[in-house]
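**Q** Residue numbers (numbering that gives the first Met the number 0), protein chains in the order written: chain W, 0 to 210; chain Z, 0 to 220.
Hints in this document: simulated from the structure, not taken from any laboratory.
Glycine is no exception: its CB is placed at the ideal position from the N, C-alpha and C atoms.
There's no promise every hint is true.
[To be verified] From the derived model, a few chain Z residues whose C-beta atoms are all more than 12 Å from chain W:
# : residue
1 : Gln16
2 : Pro110
3 : Leu115
4 : Val169
[Claimed, not checked] Not everything, but these chain Z residues come out facing chain W in the computed CB check (under 8 Å):
#  : residue
5  : Cys58
6  : Val60
7  : Leu101
8  : Leu103
9  : Glu108
10 : Phe176
11 : Ser206
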Amino acid sequence: MESTIPSTIPQVDRSALSREELAGALRRPQHLLRLVLVQRERLFASIAREQHLWLLAGALLLGSLLYALPFGAVLGVARFWRVAVLLLGSLAICVPSLHVVGAFIGSRLRLAQTLCLALVISSVASLFTFGFFPIVWFLGATMQEGSAVESGLAVALLGVSLSAGIAQFVRSQRAVSLLRELQPTFTLLLLGWLGLLVFITFRLALSLGLV
Amino acid sequence: MRADRRAWLTSGERGNQLLVLVGSAAAYGFSVGCVHSLRYGLSNLLKFPLLLVVTASVCAVAYHLVASFAGARLRFGEVQQLSFALFRDASVMLASLSPVGLFLSLTIERPGALGLGEYPLFLGFNVALIAVCGTVALGRQARGLAQRAGLSRRRGAAVVAAWLALSLLVGSQGAWFLRPFFGVASIRAEETPFFLGTRPDFRGATSFYEAVWQVVVPPAR
Numbered sequence: 000m001e002s003t004i005p006s007t008i009p010q011v012d013r014s015a016l017s018r019e020e021l022a023g024a025l026r027r028p029q030h031l032l033r034l035v036l037v038q039r040e041r042l043f044a045s046i047a048r049e050q051h052l053w054l055l056a057g058a059l060l061l062g063s064l065l066y067a068l069p070f071g072a073v074l075g076v077a078r079f080w081r082v083a084v085l086l087l088g089s090l091a092i093c094v095p096s097l098h099v100v101g102a103f104i105g106s107r108l109r110l111a112q113t114l115c116l117a118l119v120i121s122s123v124a125s126l127f128t129f130g131f132f133p134i135v136w137f138l139g140a141t142m143q144e145g146s147a148v149e150s151g152l153a154v155a156l157l158g159v160s161l162s163a164g165i166a167q168f169v170r171s172q173r174a175v176s177l178l179r180e181l182q183p184t185f186t187l188l189l190l191g192w193l194g195l196l197v198f199i200t201f202r203l204a205l206s207l208g209l210v
Numbered sequence: 000m001r002a003d004r005r006a007w008l009t010s011g012e013r014g015n016q017l018l019v020l021v022g023s024a025a026a027y028g029f030s031v032g033c034v035h036s037l038r039y040g041l042s043n044l045l046k047f048p049l050l051l052v053v054t055a056s057v058c059a060v061a062y063h064l065v066a067s068f069a070g071a072r073l074r075f076g077e078v079q080q081l082s083f084a085l086f087r088d089a090s091v092m093l094a095s096l097s098p099v100g101l102f103l104s105l106t107i108e109r110p111g112a113l114g115l116g117e118y119p120l121f122l123g124f125n126v127a128l129i130a131v132c133g134t135v136a137l138g139r140q141a142r143g144l145a146q147r148a149g150l151s152r153r154r155g156a157a158v159v160a161a162w163l164a165l166s167l168l169v170g171s172q173g174a175w176f177l178r179p180f181f182g183v184a185s186i187r188a189e190e191t192p193f194f195l196g197t198r199p200d201f202r203g204a205t206s207f208y209e210a211v212w213q214v215v216v217p218p219a220r
């Protein structure tokens, strides 16, 4: 029987990311957007198939750090590091629990896989903050100094960035679970863990003076 | 626009499209500014295009991220062309309505000592025009995005709606900063600066969002 799928629909590439591509992303962090958002099926395949995980973690970590800096600088040049610390610090606090409790309920994920999955959140959130920093700058430039509305909108956009990161994490978790045949209890654990991450991120934002 | 059916635009074509946007926005801005005075109309020749170009520029990176997040396999420049086309389409449609706007500007009952006359009608009419033109442009670009980026129509519409939300977030504050565009004719044009910036309005609001909030919850007197 002939296929009814039009030939114009592009086939999704699900091959794992190569060492050269990941090394390239480490050298040129601007390629991270393509790896994390555009070629996400390949990113998920890399995590599921355990291909060059530490290199991938390095690229995601570097991207999370660099792309969050402009947003932080717009909120206060002297403390430009705050948003990067918020995104990576909350993960650093929460990732051990994801890995250890996951192991207890049979997640069968290696530490590097758990780390890469978690870093998907910070890298996507960081990319979104990079997209939003001109907006926050513009709002700040067109409002009176110290406006509560400006800081409120900045917090809201930070929340949107974190939500985008979590949404991408859920997508990646689904793909990885499917590929590695993980049990549904792992999905339940992830939901609880995401709640914990949001709570810790909020508390850390308070401590850093971002909220 | 014919160009949407073809491949991506060349740099020369992009320049032409920018001219179309600027010219169209200026024409519409002039027509509505004339409700107050010729001086407001002339100011709007610059302010309306400036508002659209600043909004599109400030949101450019966010547009690209949103499209990529939705799975659109488009380059940064391609996303900018699509989002820019949204503004251009809305501007061209509004420009086509500028004779209507100008006619109403010149013929409405002017605000005076007894009240605002037909100014609220003019204001409401223009808000409706902008909403209709924006919606038509949005629907058209959602179809274009779905075709070009290999997205489902629903997802294409979601991306364009997100672009619209970002544009409103920035554009509304930009419009506040650059105000006045229309104005009540009882305020003398010579007394009004080119833009009011962060100067408080009659309720004391210093930003668009404060002004909206004060409409919902009026400040205590």
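**Q** Taking the hints in turn, state whether each one holds.
**A** Status of the hints after comparison with the structure:
1. Gln16: holds, 22 Å
2. Pro110: holds, 27 Å
3. Leu115: With a cut-off of 12 Å, Leu115 (chain Z) remains clear of chain W, as the shortest Cβ separation is near 27 Å.
4. Val169: violated, 6 Å
5. Cys58: This interface hint holds because 7 Å falls under the 8 Å limit.
6. Val60: holds, 4 Å
7. Leu101: violated, 29 Å
8. Leu103: Status violated, d = 29 Å.
9. Glu108: violated, 34 Å
10. Phe176: holds, 4 Å
11. Ser206: For Ser206 (chain Z), the interface hint holds, since the closest Cβ of chain W sits about 5 Å away, which is under 8 Å.
Taken one by one, the earlier hints fail for this structure at numbers 4, 7, 8, 9, listed in ascending order.
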